[in-house]
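Novice: Residue-level listing of the chains:
2 protein chains.
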Amino acid sequence: MPTYELFYWPSIQGRGELVRLALEEAGADYVDVARTRTGMAAMMKLLGGAGPSLAPFAPPFLKSGSLVIAQTANILMYLGERHGLAPKSDAGRFGAHQLGLTVADLYVEVHDTHHPLAADLYYEDQKAAAKRRAAAFIAHRMPKFLGYFEGVLSKNGGRFMIGSRLSYVDLSMFQIIAGLSYAFPRAMKRRASRYKGLRALHDRVASRPRIAAYRASARRIPFNEDGIFRHYPELDA
Amino acid sequence: MPTYELFYWPSIQGRGELVRLALEEAGADYVDVARTRTGMAAMMKLLGGAGPSLAPFAPPFLKSGSLVIAQTANILMYLGERHGLAPKSDAGRFGAHQLGLTVADLYVEVHDTHHPLAADLYYEDQKAAAKRRAAAFIAHRMPKFLGYFEGVLSKNGGRFMIGSRLSYVDLSMFQIIAGLSYAFPRAMKRRASRYKGLRALHDRVASRPRIAAYRASARRIPFNEDGIFRHYPELDA
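Taken in order, these protein sequences are the chains called A and B.
Just so we're aligned, residue 1 is where the first sequence starts under our numbering, counting upward by one.
Just so we're aligned, residue 1 is where the second sequence starts under our numbering, counting upward by one.
Just to be clear, a hint being listed does not mean it is correct.
Stated by the list, open to error - Computed list of lysine-lysine pairs in DSS-like fashion (alpha-carbon distance at most 30 Å, straight line):
hint : chain 1 : residue 1 : chain 2 : residue 2
1    : A       : 189       : A       : 127
2    : B       : 127       : A       : 127
3    : B       : 127       : A       : 131
4    : A       : 144       : A       : 189
5    : B       : 189       : A       : 144
6    : A       : 88        : B       : 131
7    : B       : 63        : B       : 45
8    : A       : 127       : B       : 131
Unchecked claim - Rough simulated footprint, nothing fancy, chain B against chain A, three-plus residues with beta-carbon under 8 Å:
hint : region
9    : 47 to 55
10   : 164 to 175
Don't read these hints as lab results, they were simulated from the structure.
The structure presented is a predicted model; accordingly, all values stated were derived computationally and were not measured.
Cβ atoms here follow ideal geometry from the backbone N, Cα and C, with glycine treated the same way.
Turn these sequences into a full structure, and let the hints steer you where they fit.
Specialist: Given below as structure tokens:
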């Protein structure tokens, strides 16, 4: 019996990747349930409210003993406490979670660059609106989020986003820089000099032994056009 | 010196209202800073990163002693622990927060019904896209969220969303039913019979002594078309 069961869509990085990175860096014993033979059925059952307790609204969710925790930032807070991946003081805990929730906000906005009208319409059926939304995202929102994160990192000394050692927030920053560079390579290249601190943090996280091993493994699903970060050249700068 | 200073936009309910409701139900000593004479300047200064610690990305944020906490759900979690407005067990704490984050997700989607393309464009400049997004919201997303919350309430016995006494989640449900009924009166009326539990919960919260007193006071800002829940008849069912 593994310590954790992670439930998330089996063919994308998506929001679940933020949890996978934390589990991998922690060296935790986990199974990515929906990628096993009978896992999708088990996930859909729990999503349908078949569990004994509070049902999740959507994946990802994490089973840890009898606890079932949903919402990405909530899961990261839980894992952060248990695996030393978050500061312990009140200012540190609530601060790390504040940053985790700001990451979650950015994820919604990245998703909506390709799905501005409805999540259940095809991209092709909302392409004109997607072009307008992506242009606004690249011009205003992406610089606002990344400028904020760069400022937080710099104010904290440049090595970690919060506290004096690695936290789940640093792992999430790695994923954001990787994802935005995949989705919007031209826009990210143009502004590379503005986010030097975040790019260096991305590189440091990428080369941590457990993260490097994870990235080289089949457990890391490649970016693709079913996920949150999608590369549609017509939406890039 | 009040116990808490709340920083939020002074002319709308918005996300800050979820915090105001918790502070009011707790009977907490707080000041709504941006509604005081020099408050807006103080808020903009902290938003610009002038504080000694982690800057907020956006309002609302709460000052409690030397702690400054941003992100609505994060603030509610903090107040919930301190004022008995959340269960104390792990399952209860993480469960309440999971629901708080699902409320936050719904808020984003409600906002995007009138601003699907860009937050910095006028509604009038994205009206056609807003009509499509609002139609999808009313047809698919609103029933999905409300159906989920109704199911959670019913599974927990029908009186409270989680645990065996009032929590901040119940206060947030009051606000969601009030807000959606303001923004989409026809859509909400059509489906009234599906959300009987949530409507009864709304009424119970509304008549709690401290909430009733708050609603009758000038501290409660009326709904208006600058907030998250806006009544544009052309976006209703």
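Novice: Broken hints, numbered, in rising order?
Specialist: 5, 6 and 10
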